[in-house]
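2 protein chains.
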Amino acid sequence: MFTSRPIGFVNSPYKSTGDIPKGLGAKHEADGVLAILPEFEAGLTDIEGFSHLIVIWEFDRAHGFELLGTPPSDNRAHGVFATRSPRRPNPIGLTIVELRRREGVELHVRGVDMLDGTPILDIKPLLSIIPEEKLRRGWLAEAEARKPGD
Amino acid sequence: MFTSRPIGFVNSPYKSTGDIPKGLGAKHEADGVLAILPEFEAGLTDIEGFSHLIVIWEFDRAHGFELLGTPPSDNRAHGVFATRSPRRPNPIGLTIVELRRREGVELHVRGVDMLDGTPILDIKPLLSIIPEEKLRRGWLAEAEARKPGD
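Protein sequence lines correspond, in order, to chains A and B. Following the numbering used here, the numbering of the first sequence begins with 285 at its first residue and continues without gaps. Following the numbering used here, the numbering of the second sequence begins with 285 at its first residue and continues without gaps.
By construction, these hints were calculated from the structure, which means they are not laboratory data. Watch out, some of these pointers could steer you wrong.
No distinction is drawn between identical chains; accordingly, a pair holds when it is met within one copy or between any pair of copies.
Claimed, not checked - In silico DSSO-like cross-links for lysine-lysine, where the CA-CA straight-line distance does not exceed 27 Å:
id, residue 1, residue 2
1, K311, K299
2, K418, K311
3, K418, K299
4, K306, K418
Note that the structure is predicted; figures quoted are calculated from it, not measured.
Starting from the given sequences, assemble the full structure and let the hints guide the process.
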């Protein structure tokens, strides 16, 4: 067990959850800044060399959890571990962003889907990918197939 | 802030950190089981449809953190946020596994790199990928280039 501590905060154009594109075909191309606390700056050494970062953050405005819920991308309920619902047993969010540039403790990134002010817990380099032909997307692919042209 | 709570534990062939393949060219193809606690079983609904899962877990046997460290894949120090070091401000690990089958609360997966008994904090479906031609891997690609044939 550990108690989470922010290593920084997200500057995002999204001030409330209603602002965040959701559901099928939602594009996450918003620019934002990962503002890292000065005490952690040394931890950013060499991060400039990576094109994409995994940002682990805290759903700090979600309360409690729900094991079954209906995501915006479907009209059927799914298990929380098969969705990106914010109402999780551990309120941990994850976003892959493109690193555009670093300015000191500021990482300028594309692809934020967090609320402004979201606490950042960790950043990891994206090191490898799953080939597209090997990826299956379960209920999401089915929901997309039911709603073509979104 | 939140206090982490396990949603389950990893059954892995790795009993100590020395057993885990590390460094350049390390393959993570070990089979393991994500044994979810019965109280969270409903959260697994529909997870069978996904080929790959993002497992978020706790480095429960790491102590403290180090902002600069030398990973096994290089002989140079890098910032913790540019590496997968276990000694992180928030001791959060992340592994993408292939879901082979589900048996009740047991998710049989391939690709574990966690120690046996590792607490699982969250599971998310892998929904999208970054095209390989857009991915840059920074110091890791450079370290690989210096050690060909690993």
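Violations among the numbered hints, reported as their numbers in ascending order
3
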